[in-house]
Structure formats: C-alpha cells, structure tokens
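Single-letter residue listing:
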Amino acid sequence: MQSNAALEYDYSLAKKFTFLTILFGFLGMLVGTIIAAQLAFPELNYLLGEYGTFSRLRPIHTNTVIFGFTVSGVFATWFYFGQRVLKVSIAESRFLMVLGNIQFWLYFLGALAATVSLLLGISASKEYAQYEWPFDIVVVLVWVLWGINMMGLIGIRREKALYISVWYYLACFLGIAMLYLFNNMEIPTYFTSGGLGNPLHSVSMYAGTNDALVQWWYGHNAVAFGFTVPIVGMIYYFLPKESGQAIYSYKLSLLSFWGLMFVYLWAGSHHLLWSTVPDWMQTMGSAFSVVLILPSWGSAINMLLTMKGEWNQLTENPLIKFMVLASTFYMLSTIEGPIQAIKSVNAIAHFTDWIPGHVHDGVLGWVAFMIMASIFHMAPRMFKKELYSKKLMEAQFWLQTTAVVLYFTSMWIAGITQGMMWRAVDEYGNLMYSFIDTVTVLHPYYTIRALSGVMYLTGFIMFAYNIYKTMVAGKELSQEPQFRTPMA
Amino acid sequence: MDISEIQGYASFFMTIFLVIMLYGYIIHLYRSEKRGERDYEKYGNIALDDEITSKPVEDKPASQRYKEENK
Chain A
-8 MQSNAALEYD YSLAKKFTFL TILFGFLGML VGTIIAAQLA FPELNYLLGE
42 YGTFSRLRPI HTNTVIFGFT VSGVFATWFY FGQRVLKVSI AESRFLMVLG
92 NIQFWLYFLG ALAATVSLLL GISASKEYAQ YEWPFDIVVV LVWVLWGINM
142 MGLIGIRREK ALYISVWYYL ACFLGIAMLY LFNNMEIPTY FTSGGLGNPL
192 HSVSMYAGTN DALVQWWYGH NAVAFGFTVP IVGMIYYFLP KESGQAIYSY
242 KLSLLSFWGL MFVYLWAGSH HLLWSTVPDW MQTMGSAFSV VLILPSWGSA
292 INMLLTMKGE WNQLTENPLI KFMVLASTFY MLSTIEGPIQ AIKSVNAIAH
342 FTDWIPGHVH DGVLGWVAFM IMASIFHMAP RMFKKELYSK KLMEAQFWLQ
392 TTAVVLYFTS MWIAGITQGM MWRAVDEYGN LMYSFIDTVT VLHPYYTIRA
442 LSGVMYLTGF IMFAYNIYKT MVAGKELSQE PQFRTPMA
Chain B
2 MDISEIQGYA SFFMTIFLVI MLYGYIIHLY RSEKRGERDY EKYGNIALDD
52 EITSKPVEDK PASQRYKEEN K
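Protein chains in written order, with our numbering: chain A, -8 to 479; chain B, 2 to 72.
In isolation and in its complexed conformation, chain B is listed as follows:
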C-alpha cells in the first residue's frame, strides 16, 4: 500500500468519524432541549436586546452554571 492509498483510507475513515460526530451533535442539541437542560432559542435574543445596559441572556460562564446546577 503506497502513501496515497493510505491517505485515501485515512480520509474515508475520518469522514465517517466526523459524520457520526455531526449527527451526534444534532441529537445532543435536541435531546438537551427536550430534557429541559438548555434553551438554545433564547440566544437569538442576544442580537435583539443588545444595549450595554440590557440584562445579559446569560450572566455566568457555562462552567460556573454547571457547578451551581449540580451542587
């Protein structure tokens, strides 16, 4: 097997891997919303309500939020 053949196989398997990751991401988005863990659509308001004095849609970093929710 020469190098270009190895590259071809590597590209093929990487594609499969990335497709699985991408579909996994779709499932993750919908499942976490269904379970009530996240509300992705609220982030759309960041553009609409963007005055410097507006209340942030999220005022804590995700890591901190996660810690508080799992206390």
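Isolated chain A (complex conformation):
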C-alpha cells in the first residue's frame, strides 16, 4: 500500500460498470417489452425472420437483465462502496486497478459476444444457463477476476471490521461461483466425438430428473445470490448513507444474513413440485420456502425500521422513496414466493403466468429500483455534479411504480384464470377448456403486461437521460455530500 497525503477514492471502475448497467438495462428491458408484446400480438414474431422470434429473444431478455444489467450493477456498486466501507482506495494498488480494467473489458466484450450467440440460436437450452461452453468459460474468468479484486481490496483495508454489505457481496461471489460451475458442467460434443457437429455445441453432464434438480437448484439460487443477496447488501449501504441513519439493528442484519444463507439453498426444489423428484425433496423445498419468509422479512423490516423517526424524508427525497418502495416490493415478493411454493397452491400456479408475475414484482420493484437508486446516489459523488432533475426522478418513480403494479396484477389474474381453466372438469370428468380457450381469455392481460413494459422502459430511459444530463449539465459540487444526494 502506498502512502499518499491526498488520498481519494477512485471511481473510474464504478463509472465504467455504471455505463454498462444502463446499457444492458436498456437492452434487456427493450427485448423484454418486445417479447411481452409478442405474447399479446403473435404476428410481431415475424418481423425479423428467425432473429425476431420469441424463442430467440426470450433468452436474450433473461440473460441480459441477469448477467448484463444486474451483474453490472453489482460490480458498479462494489467498486464504489467497497472502497468506502473498507476505507481504502482501489488506486492504492496498481495490481487491483489493472485487474479491474481487465475484468471490465473481458466482461463487456464477453457479454456482447454471448448476446450475439443467443441471437444466432447458439444455446445450451437450460433456463438462465443458455450460454454455450466458451461463454461459460468467459463468465467464470470474469467472476474469478472480480473475486481476486474483492479479496485483494479486503486484504489492504484500513477498516478491519467487514461491514454487513461486504458479507452479502462475498456471499454473492461464492454462491454464484458454486452454482454456475455445477449447473454448467457440460461436454463439448465436437471434441469428444472426434470432430462431429458444431464445435460450440455441448450436452449437460446430468440427465433426466438429476438434470432438472441441478438446474432448479441453480435457477432458484441464481435468484437468491444474484437478485437477493447483493441487492440486500446494496440497500444496507445506500439506505443508511442516503438517510443519515445507521441500520436499525446490526445484530438483526447478521442474523438475517446467516438465516438467508442457511435456508435459501434448500428451497430450489419447489420449482419441481408435482414432478419426478423424490417426494421428500419436494416437501423440503416447500417447507424451506415458507421458512424463508423469516430471514427475508428480517432484512426488509430492518430496512424500513432504519427510517424510524425520519419518515419525513420519504416525502422530501425521491431517492428514499425508491429505496423504501424497493424494500416494500421485496417484502411482497418474498411472501408471494412461499405462497406459490405451498404444494396445493402450486398445483394451480405451476406453469401459469402468475410465476412471471411473481418474478417481475421482485425484479422490477426490488432489484431494478434498488440498482437505479444506487446509481442515483453514486452519480453526484462519481461525477462531482448535482443530480440533473428531481422532477424527472419523481415522474419516473410514479410511472415505473404504476408499471410494476399493472404487470403483477395482470399476471396474477391471468395466472389464476389459467390455472383454474386448465383444471376445470365437467360432470363426467372431461376437461372443459382446450389450451386455446385460455389463450383467448388471457389476451387483455397480456396486452396490459406489454403496456406496463412500455411504461417501465420509458421510465428507464428517463433514468438514463437524468444520469446523462447529470454528467454533462449538472451543477458542479464544491464538496462531496455526506448523506442526502443533492438534486436540482
């Protein structure tokens, strides 16, 4: 570690990953909106030949919002608050700076190439794990680079106690590393068959029920360690910092952390209820999903209680509004998930639109709100400029909140309608409806969803514009704000 009298935090990496967060967020949400419209109006599938079909675009949507938008957001926030809570500048280590830049470029180019590969139909055909083996290797390399960088920064820290957000980010790193490696164990067929077929093609090392089990252990925990753990870490830093209030109970944050670690990994089998996996495993998945309410609400309540005595900030500061709404959606989503995991409820909910409804109140209301709020908080500190427009933030908040509400309510109604119609039988035990009957009934709800997508995407463009204008036209700040983010 070098000694330097005018030591400053270095935000160059945080800035780079912030740009990627916005880029991938826009792309992922744009594709999401297009495929939502395709479900409502199927003729939209044929605009771009094979490249514009739902089946090509859907993996691009999911992978771009997970591995593009969310992961960039995690990297951006790490390179920002990681330094601050460890009280060390990453610029104090040339090695870590070089490593961070390699990570950035490898990640950026790898993510673009992987997205193009999906557009070309190169897919491992496993949900949220569609990238073929060469791209998996890039993902692993990027992740290892991030891990070395994180451990390196922790290694040279001045603050010896690790703040709770660092624990969450460490868990994110370890969790995703383990899940990604095990679920993507695959054999490239070209090299094992003596040169037959496509060199990019591979088959999973697991088969049948085992494959499904590993897949959903991965799929559910990608939600856990990608969409929950780092986002909780984010709010534990950004909410106290923005409001000037320390976490309500640090002990509760530690307890919720271990509770979450303990419970989450066992809940994945709820994706396979009523399937061929052993019955005890299905029951275990259900039981652990219900227990999961405790650590999730432990964190959410802790966030809300952090605002105790300071609720006036909710009306005065739109950033607090974003974060409080995010934790509220976290509560909603984490009570809804366990309800869906109850076996009898799942008998109706499985395979219906209630499931993407649940996913999206979590990702739009919780994950994306929290990532955008974090960037709003970081931007004035990174660019040394006041946020461009408070009014635009307010308008974005209400537009996107309405969009999320429209999304999940339409999908609740669509899903339950679908589930009931699929199961409805007449007095002789014959099914009353064919599949197309349900599709006809669901059309209005699919249209509402597409509309909510347009609204949310518009809000995201407003967000991107606000950050861009902050960079180029924001009022200069003479000193870094301590708590509340200044905005015009």
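Keep in mind that the hints are not guaranteed to be accurate.
Chain A side only, calculated, beta carbon under 10 Å to chain B, not exhaustive [to be verified]:
id	residue
1	72
2	153
3	154
4	236
It is worth saying that the hints were derived from the structure and are not from the lab.
Ideal Cβ positions, reconstructed from N, Cα and C, are used throughout, including at glycine.
Let chain A serve as the given structure and place chain B on it in line with the hints.
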C-alpha cells in the same frame, strides 16, 4: 433402506443441526453484547462515516484484538 431414504434422513438431521447452530448464533450475539465483550451496533457507523480519512471503527484484525485483550 434405499439411497433416497438415506438422503431424506440425512437432510432431516442436517436441518436440525443447522437450526441449533443458528439459534446458538443468536444466543452468542446477545450474550457477548450483554457481557460487554462486543458492541455490534457500532458497526452500523461504518456506512455513515466512510470517508477515506475517517477513523476506522476497528483498526486491528479480530485475532490481534483478541490476543491483546487476553494478555
């Protein structure tokens, strides 16, 4: 007893074990604070006072602190 039954029992007993560990952790947190050995709530200030020039909440690793306290 077939393999899936063994797996079921193993999962059950591991759950019990982990529950005991988790409750043990709660007791540990509260007891060490009550005895005055640790003050967990002070760590909340790490986020609030996070300038590079701020005084660290803890400037020594836990192992070193423990050695000094037990001299």
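Checklist entry - Which hint numbers does the structure go against, in order from smallest to largest? => result Structure breaks no hint.
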